[in-house]
Amino acid sequence: MTPKDELAIEVKGLVKRFGDAVALDGIDLDVRRGECLGLLGPNGAGKTTTVEILQGLQAPTAGEVRVLGMRWETHAAALRARLGVALQETRLVDALTVEEMVALFASFYPRPLAVEQAISLVRLEDKRQARTLTLSGGQKQRLALALALVGDPDILFLDEPTTGLDPQSRRDLWDVVAGLKARGRTVLLTTHYMEEAEVLCERLVFIDRGRVIARGTPAEMIASLGAGHVIELEAHPASVLERLARLEALVGLNQEGARATLRVEHLHRALPEVLREIAEAGGEVLHLSTRRPTLDDVFLGLTGHSLRGEGRAA
Amino acid sequence: MRHPLVQLLLMRLRMLWRMPAVLFWSFGFPLIASLVLAAAFQDRALAPVRVAVADGTGAEALVARLEGTPELQVQRAPPEEARRRLTQGRVHLVLLPGAEPELLVDPGQPEGRSARLLVREVLARAPGAPSPAQLRVTPVSEPGNRYIDFLLPGLLGMVLMSTSIWAMASSVVAMRGGKLLKRLAATPMARGHFVGAFLLARGLFAVVEMTFFCALARLVFGVPMSGSYAAVGAVGLLGAMSFSGLGLLLASRVETEDSATGLFNLSTMPMLFLSGVFFPAQNFPGWMQPVIHALPLTALNGSLRAVMLEGADLLSLGAPLAVLAAWAAGCMVVALRVFRWT
Ligand SMILES: Nc1ncnc2c1ncn2[C@@H]1O[C@H](COP(=O)(O)OP(=O)(O)OP(=O)(O)O)[C@@H](O)[C@H]1O
Ligand SMILES: [Mg+2]
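Chains as they are written, first to last, in the numbering used here: chain A, 54 to 367; chain B, 6 to 347.
Hints may be right or wrong, so weigh each one.
[Stated by the list, open to error] Pairs of lysine-lysine residues, derived as DSS-like cross-links and limited to a Cα-Cα distance of at most 27 Å, are as follows:
#, chain 1, residue 1, chain 2, residue 2
1, B, Lys184, A, Lys180
2, A, Lys193, A, Lys234
3, A, Lys180, A, Lys193
4, A, Lys65, A, Lys180
5, B, Lys184, A, Lys193
[Stated by the list, open to error] To give an idea of the chain B side of the interface with chain A (calculated C-beta under 7 Å), a few residues:
#, residue
6, Met24
7, Ala26
8, Gly183
[As the list claims (entries may be wrong)] Computed far set for chain B versus chain A, every beta-carbon distance over 10 Å:
#, residue
9, Val11
10, Gln12
11, Leu13
12, Leu15
13, Leu42
14, Ala64
15, Glu65
16, Pro193
17, Val200
18, Thr216
19, Gly267
20, Leu279
21, Leu319
22, Ala327
23, Val338
24, Leu341
Note that these hints are calculated values from the structure, not bench results.
Think of the CB as a built atom: it goes at the ideal place given N, C-alpha and C, for glycine as much as any other residue.
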């Protein structure tokens with residue numbers, strides 16, 4: 054086997070335009086067989102567009118795409134039989150039951166899993182006979198996962214599979230993905246949850262505005278920050294925070310109103326400086342806490358905005 | 006059971022069967038509407054009263070006398086043709102000339118009554134005319150010759166058209182809107198199986214519709230069946246396929262159900278008027294006839310009437326059946342080319 058065969062997915066210079074709008078602006082991606090690659094980025098970054106091009110659902114404006122060594126233009130039928138897909142949103146057939154829906158999708162594939170097996174993988178045994186219309190949002194998502202798994206795919210594409218799932222269901226899904234990886238399957242996952250990316254993915258790719266802005270293992274990416282600690286600070290008046298940018302101990306700073314996130318290399322050196330600076334400016338510290346940096350800090354440092362617009366709770 | 010075509014067909018049937026509202030609006034409602042129409046059109050009113058004078062000795066004189074009356078529109082025709090026009094509702098009365106002129110009317114048509122009174126009155130005014138009592142009036146009421154007999158096959162054609170186009174277009178557009186088509190396009194499902202399942206389901210429902218319709222026509226309206234039910238079934242199925250093809254074509258790129266409704270109306274309305282549902286398509290001017298005869302509903306209605314009323318067999322219906330087959334094949338080929346799964 055040449056090293057090329059180790060790649061499940063190879064993407065070079067992928068560009069996608071919708072009219073004048075540029076959704077993807079030259080994306081390069083390599084996904085190795087048997088690994089889980091996490092695609093992360095804020096809303097509208099181009100994750101879904103990238104994934105749908107890899108799934109053969111959209112045609113790229115420019116760029117090279119190889120999936121399992123094949124091209125969509127020439128091997129579409131063979132590729133579809135080997136890919137499992139969960140779209141970001143799908144309205145299933147309301148009138149069908151869970152079991153019927155899975156049986157329908159199973160019938161399309163050459164070597165499907167047993168219907169019961171696919172259903173039990175996503176823990177929907179109780180809902181076998183329920184119409185899909187009556188499922189809760191999270192149950193629908195689990196059914197969508199069962200439909201992605203039932204063809205026993207070589208590559209599984211999951212576009213935000215755990216958005217809207219409760220913590221237990223999320224962990225269940227992680228187990229399913231881990232089991233798949235143990236069987237040598239490849240997973241391409243998009244997510245807004247850092248924790249999920251860290252647990253499931255060997256490697257991560259951050260994209261923003263259609264470009265790759267960083268890539269590597271979670272540990273590498275956090276190390277790339279060059280900051281051992283993060284200080285979260287709230288001060289009054291907000292203007293005093295601007296003075297902090299001058300501090301030498303600082304690796305990075307993001308300010309939003311009266312709050313600031315400071316990335317520092319050595320806490321014991323940076324913290325006194327920060328407090329002194331605020332005191333000299335006549336400001337008052339309202340809140341201060343410190344923590345280890347996360348992937349979200351990496352993203353914040355790269356783009357100036359958080360991965361999830363709504364903040365970092367969750 | 007494991008075959009994708011079977012699974013897709015089951016999906017389609019369950020989508021219809023388990024959704025009573027869908028079932029009603031796409032299937033029950035057109036049937037009921039057409040039956041209400043049938044009942045209503047048993048006594049429709051149209052002016053002026055049209056009279057056909059059959060060729061024969063004394064016909065000229067009768068025409069001359071009738072033509073002076075504004076409420077009467079007089080036409081000449083050979084006796085057979087005159088009777089057929091009465092059957093089709095194109096004239097309200099047929100006057101057979103002779104020593105004792107005979108009036109033929111369809112008791113199912115209220116105009117028949119006024120036509121009779123008007124014609125009698127006019128004939129009585131002339132010098133030396135036979136007295137009204139001498140005029141023989143023959144109601145032509147054998148089933149197969151009334152307006153309702155003409156109307157019902159047309160209504161069946163109309164029902165097959167609207168249910169076939171709508172069942173195809175609305176569900177495909179809904180599935181595209183919900184991204185289900187996109188999801189299916191990401192599987193190795195054969196596109197032909199998908200379309201085939203829809204066509205099979207439509208065929209099954211078309212058979213149900215035809216059975217229901219023929220039974221009502223026979224039991225409620227006493228419409229006779231001169232030809233074979235198998236021939237009606239074959240013609241109706243071909244019609245259902247051509248309209249399904251049209252429905253698929255209309256739905257091939259549409260995103261929203263509103264647009265689908267608009268396209269549905271745009272395609273069916275002209276045919277409702279032009280294709281001889283309520284009155285014969287021959288009533289339109291000659292230059293329109295080639296267009297009218299190329300429409301699938303004209304071909305379907307003509308064929309259904311020929312089988313049901315005149316006992317025609319399929320072999321004699323080559324031309325209209327070819328029109329239907331051409332629509333079915335043409336629409337599907339184009340539809341599958343331009344079809345958008347995403
Ligand atoms: N069909 C389309 N027509 C026009 N613009 C589109 C289309 N699809 C996507 N876009 C644009 O392309 C950009 C990338 O969209 P995409 O759906 O890939 O984002 P995403 O990273 O998946 O975001 P999210 O996290 O919200 O799912 C967005 O700006 C979007 O508005
Ligand atoms: Mg997305």
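For this session: Compare the structure with the hints numbered earlier in the document and write down the numbers of the violated ones, lowest to highest.
Result: 4, 7, 9, 10, 11, 12 and 16
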